[in-house]
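Chemist: Let chain A serve as the given structure and place chain B on it in line with the hints.
So the sequences go chain by chain: A and B.
Numbering (this note's numbering) for the first sequence: 1 to 259.
Numbering (this note's numbering) for the second sequence: 1 to 298.
The set of hints was computed from the structure by calculation and includes no laboratory data.
No experiment lies behind these values; they were computed from the predicted model shown.
Among the hints, a few may not be true.
[Unchecked claim] Computed Cβ-Cβ distance ranges for the label pairs, DEER-style:
1. A/54 - B/217: 35 to 41 angstroms
2. A/256 - B/57: 49 to 55 angstroms
3. B/84 - A/89: 41 to 47 angstroms
4. B/189 - A/162: 35 to 41 angstroms
5. B/116 - A/181: 25 to 31 angstroms
6. B/155 - A/59: 37 to 43 angstroms
7. A/124 - B/150: 53 to 59 angstroms
8. B/189 - A/225: 45 to 51 angstroms
9. B/153 - A/11: 23 to 29 angstroms
10. A/160 - B/189: 32 to 38 angstroms
11. B/259 - A/160: 54 to 60 angstroms
[To be verified] What the simulated footprint calls covered on chain A by chain B, stretch by stretch (three residues with Cβ under 8 angstroms from a Cβ of chain B suffice, anywhere in the stretch; the number is not a length):
12. 12-19
13. 55-69
14. 132-140
15. 155-165
16. 215-225
17. 234-243
[Claimed, not checked] Take a look, some chain A residues computed to stay more than 12 angstroms from chain B by CB distance:
18. 49
19. 50
20. 80
21. 169
22. 181
23. 182
24. 184
25. 188
26. 212
All residues carry an ideal CB built from backbone N, CA and C; glycine is no exception.
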Amino acid sequence: MILTRLLAASVVGLILFFLAFPIVVVAIVSFSEATYLTFPPPAFGLRWYKAYFNSEDWLKPTWVSLWVAASVVVLATFLGTLAALGVSRLSRPMRIFATGLILSPLIVPGIVVAIGIYYAYARYGLVGMPIAMVLAHTCLAVPFVVTSVTASLAGLDPRLEQASLSLGATPGATFWQVTLPLIRPGVLVGALFAFITSFDELIVALFISGTGAVTLPRRMWDDLRFQIDPTIAAVSTLTIVLTAALMGAAHYLRKRNQA
Amino acid sequence: MSEITQPSPVAVSLGAVRPLLLNWRRHVPLLLVAPLLIYMLVLYALPVLAMLLRSLNDPTWTLSHYAALFEDVVFAKTFWITFNTSITVTLGCLILGYPVAMGLVRAKTMAPFILVIILLPFWTSVLVRSYAWMVLLGRHGLVNEGLIALGMIDRPIRILNTPLATQIAMIHILLPYMILPIANALRQIDPSLIRAASGLGATPFMTFRQVILPLSMSGVAAGTLLTFVLALGFYITPAMVGGPRDITLSMLIAQQVDQLNWGYAATLSAVLLATALAILAAARHLPGVGNAFKTSMR
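For reference, chain A alone in the conformation it holds in the complex (with noise of 0.2 angstroms):
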């Protein structure tokens, strides 16, 4: 009995440390003296961080990348925000129609939509424009908005706004005082969500980033393609620690609302 659920555990321990093991062995090169890939390192050192903060071709790539994530965040939020508050009061095969749009980015293959949106936007002279990666990331980015806002309007109890329109709050001010503080949770863990899925982004931008708005992904894919010095290691652990606090503190913050 003991020595099937000691065995149990060491199976469930190795799938585990499968799991986590590529990513921790990243995180360590990243912090390797060598001047080339090895594990274990020689010695430790930030060597390859320094490369990273020095480098010009690295930091634009990085700019870019935020500053279209932050973009991209304003411009989800605010449209996925308004659609998740209509959509559940639509009628029905309007609503078929349009929870079937809204989600479709999450179910179709990557390559059809970044070829799809490249044979466009290259009509309209778009590739290699930052403005481009904003419009195209919010399209995969909104269905995250959506769902966490619809879930949190599907917690709310409608009382509370009856209460406050019976109460001769107009639906403007009902909305500001009474709905819009209850999906709050809601609506910061969409955002979040839709920055990470801009600054993870490669597909779409190996199309349409051109060479004007070469994104962090798109830089690391490129280099990549010729070499795999640490440098990259280092660029990946820092995405990881700043995606890994962000989807953190998106978990933290579903959680507490549900508790």
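Modeler: Quick look at chain B alone, frame taken from chain A:
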């Protein structure tokens, strides 16, 4: 709302305007959704549809692109590789994912720790995770060094840029999509059923076979379908760690776009999209799948 009460003079004087106001109110939901719908139609859906249309009208209206697929050796091989990889990866995820899901649900004090380990890779981009496997599986990577140190091989073997590398990395990336729906289904099993089974003399294995496993099938179905459909569309990972000749459908599409063969690329895209949608449409009718899908998507 106030049909029974006496209408106030103001309401009476507004009587003529009222139907209009009511009408306007009725359209509020549509007005809220419309900006996003228009945005997505113009900037995403119509572009994708316009691209897909090239499979039918390049250079003139024709079905020849689709007809040609039946004799297309490259397409047949690519489709086979894609399908085969997806099946292998899905099976791998199922075998590795089920025990972890059980561990996650059973664990008490360790549960948050296990969840973080499952979610940490989930939160890391596909690019970074594929890169991690390049580091591990390379000629002088940790796996080769380890195998040499253990005396299992004499000199480095080729793992990176083989189908095996693609499969390992894809299993690693897709595993959380399998674990979470299964854990969800396991969590909903009434614990008294398990107590009843063991109280009636069932061994732990019998309880698992006859109670837990059947009741978790909705999660298994959801996780399997989700993993499979996502695996079909993989592009970055096979391009980075896979073999140069093991081209997936997504890679072939990208190649054709680079060569400006829009008709062919659009046809392949339509096939890939139709396959994914057909699987999901079939899956919708399985009990419990819809629900598990929604929770795992979030």
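Chemist: Each hint: holds or not?
Modeler: Against the structure, the hints come out as follows:
1. A C-beta distance of roughly 55 angstroms is found between residue 54 of chain A and residue 217 of chain B, which places it outside the suggested range of 35 to 41 angstroms.
2. With their beta carbons about 53 angstroms apart, residue 256 of chain A and residue 57 of chain B fall inside the hinted range of 49 to 55 angstroms.
3. At about 46 angstroms, the beta-carbon gap between residue 84 of chain B and residue 89 of chain A stays in the expected band of 41 to 47 angstroms.
4. Residue 189 of chain B and residue 162 of chain A have their C-beta atoms about 38 angstroms apart, which keeps the hinted 35 to 41 angstroms range intact.
5. The hinted range of 25 to 31 angstroms is satisfied by residue 116 of chain B and residue 181 of chain A, whose Cβ atoms lie roughly 30 angstroms apart.
6. For the hinted restraint 37 to 43 angstroms between residue 155 of chain B and residue 59 of chain A, the CB-CB distance of approximately 40 angstroms keeps it satisfied.
7. In this structure, residue 124 of chain A and residue 150 of chain B meet the distance hint of 53 to 59 angstroms, their C-beta atoms being roughly 58 angstroms apart.
8. At about 48 angstroms, the beta-carbon gap between residue 189 of chain B and residue 225 of chain A stays in the expected band of 45 to 51 angstroms.
9. Between residue 153 of chain B and residue 11 of chain A the CB atoms are about 25 angstroms apart, so this pair conforms to the stated range of 23 to 29 angstroms.
10. Evaluation of the 32 to 38 angstroms hint for residue 160 of chain A and residue 189 of chain B yields a pass: the beta carbon distance comes to about 34 angstroms.
11. Take residue 259 of chain B and residue 160 of chain A: their Cβ atoms lie about 58 angstroms apart, and the range 54 to 60 angstroms holds.
12. Residues of the region 12-19 of chain A lying with their CB closer than 8 angstroms to a CB of chain B number 5, which satisfies the three-residue condition for coverage.
13. Coverage of the region 55-69 of chain A by chain B is violated in this model, with 0 residues showing a Cβ closer than 8 angstroms to a Cβ of that chain against a need of three.
14. Restraint check on the region 132-140 of chain A versus chain B: 4 residues with Cβ-Cβ distances below 8 angstroms, three needed, restraint holds.
15. Under a criterion of three residues with beta carbons nearer than 8 angstroms to beta carbons of chain B, the stated coverage of the region 155-165 of chain A fails, only 0 such residues being counted.
16. For the region 215-225 of chain A, the stated coverage by chain B is satisfied: 4 residues place a CB nearer than 8 angstroms to a CB of that chain, which reaches the threshold of 3.
17. With 4 residues having a beta carbon nearer than 8 angstroms to a beta carbon of chain B, the region 234-243 of chain A meets the requirement of three or more and the stated coverage holds.
18. No beta-carbon of chain B comes within 12 angstroms of the beta-carbon of residue 49 of chain A; the shortest separation is about 16 angstroms.
19. With 12 angstroms as the threshold on Cβ separation, the claim that residue 50 of chain A sits away from chain B holds: the shortest Cβ distance comes to roughly 20 angstroms.
20. Non-interface status of residue 80 of chain A relative to chain B is broken: a Cβ of that chain comes within 12 angstroms, the nearest being about 7 angstroms off.
21. Chain B leaves residue 169 of chain A outside its interface by the beta-carbon criterion, the shortest separation being 16 angstroms against a cut-off of 12 angstroms.
22. No beta-carbon of chain B comes within 12 angstroms of the beta-carbon of residue 181 of chain A; the shortest separation is about 19 angstroms.
23. Its beta-carbon lying about 17 angstroms from the closest one in chain B, residue 182 of chain A satisfies the requirement of being farther than 12 angstroms from that chain.
24. With a closest Cβ-Cβ approach of about 17 angstroms to chain B, residue 184 of chain A is found to remain outside the 12 angstroms limit, as its non-interface label requires.
25. Every Cβ of chain B is farther than 12 angstroms from the Cβ of residue 188 of chain A; the closest lies at roughly 14 angstroms, confirming the non-interface assignment.
26. Every CB of chain B lies more than 12 angstroms from the CB of residue 212 of chain A, the least distance being 19 angstroms, so the non-interface label holds.
Checked against the numbered hints given earlier, this structure breaks hints 1, 13, 15 and 20; the rest are met.
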